[in-house]
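What follows is the residue order along each chain.
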Amino acid sequence: MNQARFIELHEQQWLLLEVLCNEQLHPDKIARRHSRQAKRKAKHYQPKSLYEEQILVLPPELIEQADFPALYREVCQHLSLAEARRYSPYLIERLSILVEQAHQAFYRPVHVYGDSALSAIIRFFTWTFPRTVRREINWLWLSSLLFYGPLLAMIIVIQFRPEFVYSVLSPDSVSGMEAMYDPQAEHIGRERGSGSDSKMFGFYIFNNTSIGFRTFASGLLLGIGSLFTLLFNGLHIGAVAGHLTHLGYSDTFWPFVVGHSAFELTAIALSGAAGLKLGFSLLMPGRKSRYQALLDSAKISVRIMGGVAIMFVMAAFIEAYWSSTQLIDAQTKYTVGALLWLLVTGYFAFVGRRSDESSNPALEMEPQAERLTDKREF
Amino acid sequence: MLDTIKKIETPEGVELPLTCAGFYVRSIAWLLDALIQGVLLFLLGIALPSLGDFGMGLFLIAVFIINWFYPVLFEIYMHGQTPGKKVMKIQVLLMDGTLVNWGASMLRNLLRTVDFLPFFYILGFISMLFSKDFRRLGDLAADTIVVYKRSQQHIARIPHAEPAAPPIALTAREQQSIVSYAERLSQFSPERAEELALLATPLVKDLDQQSGHAASDRIVSIANYLVGRR
Chain C
503 MNQARFIELH EQQWLLLEVL CNEQLHPDKI ARRHSRQAKR KAKHYQPKSL YEEQILVLPP
563 ELIEQADFPA LYREVCQHLS LAEARRYSPY LIERLSILVE QAHQAFYRPV HVYGDSALSA
623 IIRFFTWTFP RTVRREINWL WLSSLLFYGP LLAMIIVIQF RPEFVYSVLS PDSVSGMEAM
683 YDPQAEHIGR ERGSGSDSKM FGFYIFNNTS IGFRTFASGL LLGIGSLFTL LFNGLHIGAV
743 AGHLTHLGYS DTFWPFVVGH SAFELTAIAL SGAAGLKLGF SLLMPGRKSR YQALLDSAKI
803 SVRIMGGVAI MFVMAAFIEA YWSSTQLIDA QTKYTVGALL WLLVTGYFAF VGRRSDESSN
863 PALEMEPQAE RLTDKREF
Chain Y
49 MLDTIKKIET PEGVELPLTC AGFYVRSIAW LLDALIQGVL LFLLGIALPS LGDFGMGLFL
109 IAVFIINWFY PVLFEIYMHG QTPGKKVMKI QVLLMDGTLV NWGASMLRNL LRTVDFLPFF
169 YILGFISMLF SKDFRRLGDL AADTIVVYKR SQQHIARIPH AEPAAPPIAL TAREQQSIVS
229 YAERLSQFSP ERAEELALLA TPLVKDLDQQ SGHAASDRIV SIANYLVGRR
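Line by line, the protein sequences are chains C and Y.
Here the working numbering is used: position 160 in the first sequence is 662, and no number is missing along the way.
Here the working numbering is used: position 95 in the second sequence is 143, and no number is missing along the way.
Each hint should be verified, as a subset may be incorrect.
To spell it out: a stretch of chain C is covered by chain Y in this simulated footprint if at least three of its residues, at any positions, have a beta carbon under 8 Å from a beta carbon of chain Y; those stretches are [as the list claims (entries may be wrong)]: (1) 581-593; (2) 597-611; (3) 712-720; (4) 799-810.
SDA-like, lysine to any residue: derived pairs with alpha carbons at most 20 Å apart [stated by the list, open to error]: (5) Y:LYS134 x C:ASN524; (6) C:LYS531 x Y:SER199; (7) Y:LYS55 x C:GLU585; (8) Y:LYS55 x C:ILE594; (9) C:LYS801 x C:TYR609; (10) C:LYS801 x Y:TRP116; (11) Y:LYS55 x C:ALA586.
Counterexamples of contact, computed for chain Y against chain C with all Cβ distances above 10 Å [as the list claims (entries may be wrong)]: (12) ASP81; (13) ILE94; (14) PRO214; (15) ALA217.
Think of the hints as simulated: they come from the structure by calculation, not from any bench.
Glycine included, every Cβ here is placed at the ideal spot set by N, Cα and C.
Sequences are here, hints too, so could you generate the full structure?
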């Protein structure tokens, strides 16, 4: 078949596929086409572009009834034919761009767990996130060791050797901390006026979550970044807690931090776990190539980070609006703090288990493929 | 063979050539995005703190979102293009040529911090130099690639002319050259068109060289014949 005849025979299909691709990727274009078609029917409507002109030439029922997957495969075949028959480069280029667009529209990411973003989020937090954490629990143990280890050690050491606090903190920041949690002070916690809870909420989100993200990302450097951040933060927090306890500020410090500690400390440990997994996949790839090991572990650890981001936001919320109130007595704060720790532990221990499932992590199956072709619409 | 072209085979058995975007365009796109982020933050920084501490809190949240999620949100909702990338006509894709998903986009943008190290994307630059398709560390881990986005074009029309059979047998490549010449004719000045047509000596040597565009006309006639208008 010669090129002129080939174009003549198939051009309408190509145009149709182009319209379908555009409308798959930009659903708002469907409505716009309808309004143009209506206008066209009503009176003389001047198309604004060549593309528009061609759309209006296509019979509307052809677009409505089109079978996108079949059409896509057919145009793929046209491209192969055009290449094999050495048709002109322009024609091949046009078909190749069309196939590229259709490829993207056809295999685009969709929410497999439901129709809306909301149901995808619910699915993530009731299934994917806790299950992923359970499957990677060994990394969480490792990062917890690296984080809580120095933290507790520092608290204990400072009770006996108070001068140790200056090995981690500068004298300036030590006196700053002392001023904040001084039982004689008017406001406990970071310095603030009464109306500034919202400001601190923003600050905690910005500051703490960024630290968490960096803890994870720096894990790519063979795990060294995450390792360092975990140890450093452990020592730092331990030094502050140890020093204030030693000074006898326990009644102001501990009730303040206990509320948000469950979310915040767990989120830091999880960021570290995700970063360590990333870095160690390069160091110890097992039977995979180093690059393949990195790809596989990156996919899993980013899932953890999605959940971690939300945990940081919750920690910030509690820290800004709950921890800072002085109307509530210490006893209640300790109780709530303990309940929140139970909640976090229970969440990761139990949410997302199937009823028939044993607790053997090896039996937990990979969640469904992330990306499926959405055929429901056709 | 150009080594900036990454060929991807689709499940339908078709090969798609993707042209990888290099350091220069990507840094310009990044600069544009940084500029937009800067302006956004500047405007919010003026407007929000006037609402008092509550506004300050909102502002800090905005800083956080714009810092970390500006690229992610655009890459998801604008099909792989942040505004800067859109201006530069480049696009983030997964290595199989499909659009980025949440996981991949979050990964490549969280790992930006590492690419930035020790300062101003030095690691990312080194990674782009040594990886095959100009990929920074974030791209490598997220399995993504940044490519030029080809925009849809319409079939170039060959001007109609009386078809003429070529006087000698042409190879497939030669036929292709002649057809694409005719398709691009409107892009040449008449003089240039004539000059190019004269290069195909065996096809035009019998022509009278005096007339202005005889050779060009002849090649277009042959192109008409080759695409089958006979």
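Going through the hints against the structure:
With a cut-off of 8 Å between beta carbons, the region 581-593 of chain C has 8 residues touching chain Y; three or more are needed, and the interface restraint holds. Given a C-beta distance limit of less than 8 Å, the hint that chain Y covers the region 597-611 of chain C holds, as 11 residues qualify and 3 suffice. A stretch counts as covered by a chain when three or more of its residues have a beta carbon under 8 Å from one of that chain; for the region 712-720 of chain C and chain Y the count is 6, and the coverage holds. With 6 residues bearing a CB less than 8 Å from a CB of chain Y, the region 799-810 of chain C meets the requirement of three and the coverage assertion stands.
Of the pairs offered as hints, the one joining LYS134 of chain Y and ASN524 of chain C holds, with about 17 Å between alpha carbons and a cut-off of 20 Å not exceeded. A C-alpha spacing of about 17 Å is found between LYS531 of chain C and SER199 of chain Y, which places the hinted pair at or below 20 Å, so the restraint holds. Using a Cα cut-off of 20 Å, the hinted pair LYS55 of chain Y and GLU585 of chain C holds, with the two alpha carbons roughly 15 Å apart. About 15 Å separates the Cα atoms of LYS55 of chain Y and ILE594 of chain C, which keeps this hinted pair within 20 Å; it holds.
Distance restraint check for LYS801 of chain C and TYR609 of chain C: the Cα-Cα separation of roughly 19 Å lies within the 20 Å cut-off, and the hinted pair is therefore satisfied. Between LYS801 of chain C and TRP116 of chain Y, the direct Cα distance comes to roughly 18 Å. Compliance with the 20 Å bound is thereby established for this hinted pair. About 17 Å separates the Cα atoms of LYS55 of chain Y and ALA586 of chain C, which keeps this hinted pair within 20 Å; it holds. ASP81 of chain Y, annotated as away from the interface, keeps every beta carbon of chain C farther than 10 Å; the closest lies near 18 Å.
A cut-off of 10 Å between C-beta atoms confirms that ILE94 of chain Y is not in contact with chain C; the least separation is 16 Å. In this structure PRO214 of chain Y is separated from chain C by more than 10 Å, as the shortest Cβ-Cβ distance comes to about 14 Å. The non-interface label for ALA217 of chain Y is consistent with chain C: the shortest C-beta to C-beta separation is roughly 14 Å, beyond 10 Å.
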